[in-house]
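S.K.: Protein sequences, first through last, are from chains A and B. For the record, in the first sequence the residue sitting at position 134 is 134 according to this note's numbering, with numbers rising by one throughout. Adding 177 to a residue's 1-based position in the second sequence gives its number in this note's numbering.
The set of hints was computed from the structure by calculation and includes no laboratory data. Heads up, a few of these hints could be off.
Where chain B lies over chain A, by a calculated footprint (3+ residues, C-beta under 8 Å) [stated by the list, open to error]: (1) 27-41; (2) 53-62; (3) 70-76.
Built from N, CA and C at the ideal position, the CB exists for glycine as well.
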Amino acid sequence: MSLDSVLFYVLAALVLGSAIMTITRRNVVHAAVWLISALVGVAGLFLSRGAEFLAGVQVIVYIGGIMVLFLFVIMLVPVHDESTQRRFSNQKWPATVAAVALFLWVAFIAVNGVGMLDHPGMAEPLGPGSLSENSEAVGLVLFSQYLLPFELASILLLVAIIGAIVMSKTRNRETES
Amino acid sequence: MEQLLANPYVPPLILTAVIILVFPLIAGYIVLAERKVLADLQVRLGPMRVGPYGVLQPLADALKLMLKEDVIPSQSDKWIFWLAPVLSTFTALSAFAVLPLSDRFFVADVNIGILFILAMSSIGALGLILGGWSANSKYSLMGSLRAAAQMVSYEVPLGFATVTAIMCAGTLSMQGVIASQLERGVWGAFDNYGLMLIPTVLFIIAGTAETNRAPFDLPEAESELVAGFHTEYSGFRWALFFLAEYAAIVVISSLCVTLFFGGWLRPFPNVAALEMPLNTLFPAALFALIALGCSKGVFRQALAGFRLVMAALTGLFLLVGAAFALPVANELMIGLFWFAFKLAAMVYLFIWYRGTFPRFRYDQLMDVGWRWLIPISMFGLILNGVVQLFARG
Numbered sequence: 001m002s003l004d005s006v007l008f009y010v011l012a013a014l015v016l017g018s019a020i021m022t023i024t025r026r027n028v029v030h031a032a033v034w035l036i037s038a039l040v041g042v043a044g045l046f047l048s049r050g051a052e053f054l055a056g057v058q059v060i061v062y063i064g065g066i067m068v069l070f071l072f073v074i075m076l077v078p079v080h081d082e083s084t085q086r087r088f089s090n091q092k093w094p095a096t097v098a099a100v101a102l103f104l105w106v107a108f109i110a111v112n113g114v115g116m117l118d119h120p121g122m123a124e125p126l127g128p129g130s131l132s133e134n135s136e137a138v139g140l141v142l143f144s145q146y147l148l149p150f151e152l153a154s155i156l157l158l159v160a161i162i163g164a165i166v167m168s169k170t171r172n173r174e175t176e177s
Numbered sequence: 178m179e180q181l182l183a184n185p186y187v188p189p190l191i192l193t194a195v196i197i198l199v200f201p202l203i204a205g206y207i208v209l210a211e212r213k214v215l216a217d218l219q220v221r222l223g224p225m226r227v228g229p230y231g232v233l234q235p236l237a238d239a240l241k242l243m244l245k246e247d248v249i250p251s252q253s254d255k256w257i258f259w260l261a262p263v264l265s266t267f268t269a270l271s272a273f274a275v276l277p278l279s280d281r282f283f284v285a286d287v288n289i290g291i292l293f294i295l296a297m298s299s300i301g302a303l304g305l306i307l308g309g310w311s312a313n314s315k316y317s318l319m320g321s322l323r324a325a326a327q328m329v330s331y332e333v334p335l336g337f338a339t340v341t342a343i344m345c346a347g348t349l350s351m352q353g354v355i356a357s358q359l360e361r362g363v364w365g366a367f368d369n370y371g372l373m374l375i376p377t378v379l380f381i382i383a384g385t386a387e388t389n390r391a392p393f394d395l396p397e398a399e400s401e402l403v404a405g406f407h408t409e410y411s412g413f414r415w416a417l418f419f420l421a422e423y424a425a426i427v428v429i430s431s432l433c434v435t436l437f438f439g440g441w442l443r444p445f446p447n448v449a450a451l452e453m454p455l456n457t458l459f460p461a462a463l464f465a466l467i468a469l470g471c472s473k474g475v476f477r478q479a480l481a482g483f484r485l486v487m488a489a490l491t492g493l494f495l496l497v498g499a500a501f502a503l504p505v506a507n508e509l510m511i512g513l514f515w516f517a518f519k520l521a522a523m524v525y526l527f528i529w530y531r532g533t534f535p536r537f538r539y540d541q542l543m544d545v546g547w548r549w550l551i552p553i554s555m556f557g558l559i560l561n562g563v564v565q566l567f568a569r570g
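Taking the hints into account, I'd like the entire structure generated from these sequences.
M.R.: Okay, here's the thing in structure tokens:
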């Protein structure tokens, strides 16, 4: 087995193990720490495939932004009360169905090979030789071939930000009056 | 030996080991410099007891911290209490891997060097947050909450300032940024007809906030929160947090020096006439001057042991100064010298801030971050982009 595949299996084990720990911990902060470990593992997988830019952004956005905010909220929750309560709501069955469906979908792709996801006009996959220009390649593809989806995602986020501000402002006005 | 050094993995490994072993000592002396400079600003003497003029104080402090009892609060979350300082120190030291200390001393020159530093600093923030939460103390928790909010807020202007500098340099590699400044013949801070000064100033302000230094040291505001997020930490674990804080200062200062002040390049790198005076005379004269200052202590100190220490320091600095006069040693060390010189200036700036500015109130902190720094940094990015587009064609 080459070093590359050893690295892949180690990182995959880290991601899956951490993910399992995340959903089985009773203490929410512990769950969050395991989730961080899973996200670091995913960044490692990106790095081992030569997607340096994605790995960096994965850590900055998911860990530096999203997980910090998660922890910010979780820290205000009394953990001891939380861990004695029943964790799962009545949505057990819909959740099971969704999980099984997702598993079947991923398994279907895994069996048929990644090639079935190809579509005309898709960007060329980056070979190992183009590593040194990884960030530039991502930027070029994002702002030429995939400009419309990129801008749509930006507008979606902008709407979400404005929505959040509007919601927090209206609540303030009600409490003041 | 030659064969060993030719192996691509050996020199970086040696350098890594050296950094990890030497940095705690450097951090200790930065603390001493900080205490001395603050004392001077407040017309005090600062530490004077351990060694002549307190020069051995860091060693005494380190010994004290290692021998101190390591208290773990009984109601704390022990697992995370253990993890938090380790996480902070680990990430802060990892960021050193991409710092270009000189043209020949660097661990790795990767294509995402700047992203890597930002990523490591954002993971390091988790150490503060988890550490404060796990101690199960209200003061610590308040410190953590402040740390979380502050990190998220000030990462945005820091990111925008960095992006502006990257745009100006055209690469994410740290050595590449320095090479582009050499090629364009101007420091990043003064590029684009001086408009790059906007991101430079913003970077320094946001960097101060990102490293939790005064006047942005709300997470550990000792007048309100005892010691903030590390209230319950003691002994070696506390020392790890301390080490992480100083490592973060050095990393942010290095990033600033690299992006905006030419990294290991000497000032005016394109003027050949200044090669001799700046690269040989200046360092030699500087170290000779320091040696002269130390030699005064040899006669003024009363204790024989103190005289010996001062004499040894005089000899050491004279030796270093003489080494810069030798062409072989000079070539090896000059990049490192300029990097360390600029870095020291940045660290001094941070200490100066601490001695000068009163701490922000929490709402003022958020106000400055969101209503001033973020819009100005966006404006700076767009302005520099437009100027660059037209000026460079």
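S.K.: Indicate, hint by hint, whether the structure satisfies it.
M.R.: Evaluated hints:
1. Residue count for the region 27-41 of chain A with a Cβ under 8 Å from a Cβ of chain B: 6. That meets the three needed, and the coverage hint holds.
2. Residue count for the region 53-62 of chain A with a Cβ under 8 Å from a Cβ of chain B: 6. That meets the three needed, and the coverage hint holds.
3. Check result for the region 70-76 of chain A against chain B: holds, 4 residues qualifying (beta carbon to beta carbon below 8 Å, three or more required).
Every hint, counting from the list given before, is met by this structure.
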